[in-house]
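Dock chain P against chain C, hints included.
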Amino acid sequence: MDESRRGFLRRASEALVALAGLSLAAPETGQARYFTFCGHTFTTASCPHPTGLPRVDVKGYPIRAADGAPVDDLGRLVNAQGQPVDASGNLLLDADGRPLPPAPRSRLCADIVQDRYGIRTYVDGSWHRCCGGHVRKLMDCCAYGNRRINGDQALTGYCFRGRKVFCVFYYDTATRC
Amino acid sequence: MLIALGIAAFFAGLAGTWSPCGFSVIETLRPGGWSERRRSTAAAVLTFGVGTLAGALATFVALSAIGSALPHPANAVPVAIALAGGALDALGVRVVPQIRHQVPESSRRRMPVALAAALYGVLLGLAFTTFVLAFAVWALAGIALALGSIKAGLVIGAAFAAGRALPVIVTAPIVDLPLGRRITESMAERPALLRGVRLADGLALWAAALALATSTALADATTVAAPGEDPSASAAGVAWQVPGGPAYLATAAGDAELPCVAPALGGSLLACRNGDTTAIGPAAAPFAPTTQLPTPGADKLAVSDRWLVWRVPGPPEDTLMAIPLQPPGPARVVVSAPPPSNIGRPALDGSTLVYALNHPRGPSRIVAYDLDGGPGGTIRGRPGEQLLNPSLNDGLLLYERVDDCRQQLLLAPLAAPGRPRVLARAPTQVRRDGGYGGNVIRIGRTPHHCVGPLAGGYPGVTSYWTTALSPSAAYMTLMFAAGGQVQTSVLQFPT
Numbered sequence: 001m002d003e004s005r006r007g008f009l010r011r012a013s014e015a016l017v018a019l020a021g022l023s024l025a026a027p028e029t030g031q032a033r034y035f036t037f038c039g040h041t042f043t044t045a046s047c048p049h050p051t052g053l054p055r056v057d058v059k060g061y062p063i064r065a066a067d068g069a070p071v072d073d074l075g076r077l078v079n080a081q082g083q084p085v086d087a088s089g090n091l092l093l094d095a096d097g098r099p100l101p102p103a104p105r106s107r108l109c110a111d112i113v114q115d116r117y118g119i120r121t122y123v124d125g126s127w128h129r130c131c132g133g134h135v136r137k138l139m140d141c142c143a144y145g146n147r148r149i150n151g152d153q154a155l156t157g158y159c160f161r162g163r164k165v166f167c168v169f170y171y172d173t174a175t176r177c
Numbered sequence: 178m179l180i181a182l183g184i185a186a187f188f189a190g191l192a193g194t195w196s197p198c199g200f201s202v203i204e205t206l207r208p209g210g211w212s213e214r215r216r217s218t219a220a221a222v223l224t225f226g227v228g229t230l231a232g233a234l235a236t237f238v239a240l241s242a243i244g245s246a247l248p249h250p251a252n253a254v255p256v257a258i259a260l261a262g263g264a265l266d267a268l269g270v271r272v273v274p275q276i277r278h279q280v281p282e283s284s285r286r287r288m289p290v291a292l293a294a295a296l297y298g299v300l301l302g303l304a305f306t307t308f309v310l311a312f313a314v315w316a317l318a319g320i321a322l323a324l325g326s327i328k329a330g331l332v333i334g335a336a337f338a339a340g341r342a343l344p345v346i347v348t349a350p351i352v353d354l355p356l357g358r359r360i361t362e363s364m365a366e367r368p369a370l371l372r373g374v375r376l377a378d379g380l381a382l383w384a385a386a387l388a389l390a391t392s393t394a395l396a397d398a399t400t401v402a403a404p405g406e407d408p409s410a411s412a413a414g415v416a417w418q419v420p421g422g423p424a425y426l427a428t429a430a431g432d433a434e435l436p437c438v439a440p441a442l443g444g445s446l447l448a449c450r451n452g453d454t455t456a457i458g459p460a461a462a463p464f465a466p467t468t469q470l471p472t473p474g475a476d477k478l479a480v481s482d483r484w485l486v487w488r489v490p491g492p493p494e495d496t497l498m499a500i501p502l503q504p505p506g507p508a509r510v511v512v513s514a515p516p517p518s519n520i521g522r523p524a525l526d527g528s529t530l531v532y533a534l535n536h537p538r539g540p541s542r543i544v545a546y547d548l549d550g551g552p553g554g555t556i557r558g559r560p561g562e563q564l565l566n567p568s569l570n571d572g573l574l575l576y577e578r579v580d581d582c583r584q585q586l587l588l589a590p591l592a593a594p595g596r597p598r599v600l601a602r603a604p605t606q607v608r609r610d611g612g613y614g615g616n617v618i619r620i621g622r623t624p625h626h627c628v629g630p631l632a633g634g635y636p637g638v639t640s641y642w643t644t645a646l647s648p649s650a651a652y653m654t655l656m657f658a659a660g661g662q663v664q665t666s667v668l669q670f671p672t
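The listed protein sequences derive, respectively, from chains C and P.
Counting from 1, one number per residue, gives the positions in the first sequence under my numbering.
Counting from 178, one number per residue, gives the positions in the second sequence under my numbering.
So here's chain C without its partners, still in its complex pose (with noise of 0.2 Å):
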């Protein structure tokens, strides 16, 4: 039912830009930006995340959304312990050959946004739709407050006991659809 209610949302929403045309190139002052990924159909924007889109790993920490990757919070591919490698798993090594330092990988909504803007997160429900091949859980970044990260109104979206979405991130699970 909900998930027909969605469609039916993304459809219209899609039906709407197509009409509009010209509004792509220039958004009007005032209109919600709407720059998202498979899956998510409101206009929340992602939680900022080291690589780009708001991917996650079970526990919430950042990986590349191109392959699942790990990444720490500068966006370099990290290995199990942590210390950044390149993209055949090597690790990283300074003039010396010593390993790169190893920067911390901090969670995306639990620690960086929280840090960041200054704000208590809560990951409270989510919802789940098939993408890529895979099911993937879209979650939302909340917080006690009615601004989002695009600096107008919250909605209360998957959020409980009166927080509002401040961000979406999600996470791919293994699970083929």
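Rather than coming from a laboratory, the hints here were simulated on the basis of the structure.
It is possible that some hints are incorrect.
Unchecked claim - If you anchor each label on the Cβ, the simulated ranges turn out as follows:
| no. | chain 1 | residue 1 | chain 2 | residue 2 | range |
| --- | --- | --- | --- | --- | --- |
| 1 | P | G550 | C | A174 | 50 to 56 Å |
| 2 | C | L155 | P | G550 | 53 to 59 Å |
| 3 | P | A235 | C | A87 | 52 to 58 Å |
| 4 | C | T175 | P | P492 | 38 to 44 Å |
| 5 | C | G89 | P | A514 | 19 to 25 Å |
Claimed, not checked - In silico lysine to any residue, SDA-like type, Cα no more than 25 Å apart, as pairs:
| no. | chain 1 | residue 1 | chain 2 | residue 2 |
| --- | --- | --- | --- | --- |
| 6 | C | K59 | P | P648 |
| 7 | P | K328 | P | A231 |
| 8 | C | K59 | P | A219 |
| 9 | C | K137 | P | R609 |
| 10 | C | K59 | P | G614 |
| 11 | C | K137 | P | A261 |
| 12 | C | K137 | P | G614 |
| 13 | C | K59 | P | R542 |
| 14 | C | K137 | C | L93 |
| 15 | C | K164 | C | H128 |
| 16 | C | K137 | C | Y61 |
| 17 | C | K59 | C | I119 |
| 18 | P | K328 | P | G422 |
| 19 | C | K59 | P | R559 |
| 20 | C | K59 | P | G611 |
| 21 | C | K59 | P | A261 |
| 22 | P | K328 | P | P648 |
| 23 | C | K59 | P | K328 |
| 24 | C | K164 | P | H536 |
| 25 | C | K59 | P | R538 |
| 26 | C | K164 | C | G133 |
| 27 | C | K137 | C | L91 |
| 28 | C | K137 | C | Y158 |
| 29 | C | K59 | P | A231 |
| 30 | C | K59 | P | D610 |
| 31 | C | K59 | P | P516 |
| 32 | C | K59 | P | H536 |
| 33 | C | K164 | P | Y613 |
| 34 | C | K137 | P | D610 |
| 35 | C | K164 | C | T175 |
| 36 | C | K137 | C | R98 |
| 37 | C | K137 | P | A231 |
| 38 | C | K164 | C | R176 |
| 39 | C | K137 | P | H536 |
| 40 | C | K59 | C | K137 |
Remember, it's a predicted structure, so these values are computed and weren't measured experimentally.
In this text, a Cβ means the ideal position worked out from N, Cα and C, and glycines have one as well.
Relative to the frame of chain C, chain P by itself:
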């Protein structure tokens, strides 16, 4: 940034042509007037140009020199000045308060016209001795003062002089010809021309503000050594290591190759390594060690008049060792950390040791530790950022902060590191995706959380690396990835 400032200065100088003095000088230097022949006009416009250049350089270089001697304000100060000046000129706001003075009229009667022209040039070049026709003149003076960069002062002064002198040099010799008359009539009767000049200097100031907001002091950086890494500095000079090669010491007497590696300067001493032994002696070339100490496994050193500290890299673990030099005492372990923790290169100032401690879990940290047992402190990075490569001199801390947007070289008092001054900034070297998925609706711009453009720095910089701080300059290693190899160079920044 310098280009934008130069353009703004050129148009600010050009606006001065519309001043009473500008019109008067054109009239004075025209042939058939005070200059009786075209040859004397040619000489006069030449001396006018030279005088204008001298005056403008005197003003703007002097302001830059004064600024360099003052505490460096936040980058926001020159940005705000440029924005305000640009807005006022772009809007054509009347310049108030006005300097209601002119060059002395009698000079052209009392002196040879070429000499009078030189005097007029100096006075007009000085910028603030006569009418000011654009807020950009005030703004550029403030920017020169705030930047404190002699190079910026030279660029602004030269460009201002060019703008101030060129109309006179071009127009005065032909003012009695039809083209010259059309030019002067247009200047006198078409205020839109001055309005356009002020609009141009306003836009250039905004461009300068944008460049200032996103640029760094890298323009003022000079290369000390390439290849080179791990600089160490004191009042005596600067030392560095060539990767896989010798180490060097640069003092006022010149550069000298050292008979050892991993040099460290501190206080009056130089320390460097020969295998598992560290030689210590006065920081002068040729290096004459007075002390030899065993430092087994050491790779990086730090020295002051009272302490020697060295790092023993893991595995099994990174360790910092310290030994007192005055009075001599036994070596002791300061800190150790197993992999994947990483202890950075140590730095010393007196008995205060600083080092970076990084671990994948938990915040990145710079630790200040008093080897004499006094109070220390820890600077904790915030989630999402990494702190690296601290060095210390006379209570000032030089270090690097890296996040997913940029890397920065920062200078701050050790006692108040929360409001550092940015000495250099470069974009992140990590490739980002677009921030959106395929087959989705995209309206507006991507919600990128990095504020401002990620421009700045040197193309191809892999990362900022080890630092050093002397009483007069900051030093930093730049690591480049080139052809699968890491290449390094040492840069010097004025502080």
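For each hint, the structure was consulted:
Taken as a hint, the range 50 to 56 Å holds for the pair P/G550 and C/A174, whose Cβ atoms sit roughly 55 Å apart. A C-beta distance of roughly 56 Å is found between C/L155 and P/G550, which places it inside the suggested range of 53 to 59 Å. Hint check: P/A235 to C/A87, Cβ distance near 56 Å, so the stated range 52 to 58 Å holds. C/T175 and P/P492 have their C-beta atoms about 40 Å apart, which keeps the hinted 38 to 44 Å range intact.
One distance hint, 19 to 25 Å for the beta-carbon pair C/G89 and P/A514, holds here, with the actual separation near 24 Å. In summary, the hint linking C/K59 to P/P648 is not supported, as the alpha carbons are separated by about 47 Å, beyond the 25 Å threshold. Straight-line distance between C-alpha atoms of P/K328 and P/A231 comes to about 16 Å, which keeps the hinted pair within the 25 Å bound. Distance restraint check for C/K59 and P/A219: the Cα-Cα separation of roughly 79 Å exceeds the 25 Å cut-off, and the hinted pair is therefore not satisfied.
As the CA atoms of C/K137 and P/R609 are separated by approximately 22 Å, the hinted pair is consistent with the 25 Å bound. This hinted pair checks out: C/K59 and P/G614 have alpha carbons roughly 22 Å apart, not beyond 25 Å. Between C/K137 and P/A261 the CA atoms are separated by roughly 48 Å; this puts the pair beyond 25 Å, and the hint is violated. Distance restraint check for C/K137 and P/G614: the Cα-Cα separation of roughly 15 Å lies within the 25 Å cut-off, and the hinted pair is therefore satisfied.
Our distance criterion of 25 Å between C-alpha atoms is met by C/K59 and P/R542, whose separation comes to about 24 Å. Between the alpha carbons of C/K137 and C/L93 the distance comes to roughly 36 Å, so the proposed pair goes past 25 Å and is violated. Between C/K164 and C/H128 the alpha-carbon distance is near 19 Å, which keeps this suggested pair within the 25 Å criterion. The suggested pairing of C/K137 with C/Y61 holds, with an alpha-carbon distance near 14 Å, which does not exceed 25 Å.
Annotation: proposed proximity of C/K59 to C/I119 holds, straight-line Cα distance about 20 Å (limit 25 Å). A distance of roughly 34 Å separates the Cα atoms of P/K328 and P/G422; the hinted pair therefore is violated under the 25 Å criterion. For the given pair, C/K59 sits about 20 Å from P/R559 by alpha-carbon distance, which is consistent with the 25 Å threshold. Restraint check: the Cα-Cα separation between C/K59 and P/G611 comes to about 24 Å, which is no more than 25 Å; the hinted pair holds.
Our distance criterion of 25 Å between C-alpha atoms is broken by C/K59 and P/A261, whose separation comes to about 48 Å. Under the criterion of a C-alpha separation no larger than 25 Å, the hint pairing P/K328 with P/P648 is consistent with the structure, at around 21 Å. A threshold of 25 Å between alpha carbons decides the hint, and for C/K59 with P/K328 the separation of about 52 Å lies outside it, so the pair is violated. Restraint check: the Cα-Cα separation between C/K164 and P/H536 comes to about 33 Å, which exceeds 25 Å; the hinted pair is violated.
Between the alpha carbons of C/K59 and P/R538 the distance comes to roughly 14 Å, so the proposed pair stays at or under 25 Å and holds. Using a Cα cut-off of 25 Å, the hinted pair C/K164 and C/G133 is violated, with the two alpha carbons roughly 30 Å apart. As the CA atoms of C/K137 and C/L91 are separated by approximately 32 Å, the hinted pair breaks the 25 Å bound. Between C/K137 and C/Y158 the alpha-carbon distance is near 12 Å, which keeps this suggested pair within the 25 Å criterion.
The straight-line distance between the Cα atoms of C/K59 and P/A231 is roughly 67 Å, outside the 25 Å bound, and the hint therefore fails. Proposed proximity of C/K59 and P/D610 is supported: the alpha carbons are some 22 Å apart, at most 25 Å. At most 25 Å may separate the alpha-carbon atoms for a hinted pair to count; C/K59 and P/P516 meet this at roughly 23 Å. A C-alpha spacing of about 18 Å is found between C/K59 and P/H536, which places the hinted pair at or below 25 Å, so the restraint holds.
Between C/K164 and P/Y613, the direct Cα distance comes to roughly 22 Å. Compliance with the 25 Å bound is thereby established for this hinted pair. Between C/K137 and P/D610 the alpha-carbon distance is near 20 Å, which keeps this suggested pair within the 25 Å criterion. Distance restraint check for C/K164 and C/T175: the Cα-Cα separation of roughly 29 Å exceeds the 25 Å cut-off, and the hinted pair is therefore not satisfied. The straight-line distance between the Cα atoms of C/K137 and C/R98 is roughly 39 Å, outside the 25 Å bound, and the hint therefore fails.
With a CA separation close to 69 Å, the supplied pair C/K137 and P/A231 exceeds the 25 Å bound. Restraint check for C/K164 and C/R176: the C-alpha separation of about 30 Å exceeds 25 Å, so the hint is violated. For the suggested pair C/K137 and P/H536, the alpha carbons sit about 30 Å apart, so the restraint of at most 25 Å is broken. As the CA atoms of C/K59 and C/K137 are separated by approximately 13 Å, the hinted pair is consistent with the 25 Å bound.
Hint check: violations occur at hints 6, 8, 11, 14, 18, 21, 23, 24, 26, 27, 29, 35, 36, 37, 38 and 39; the rest are consistent with the structure.
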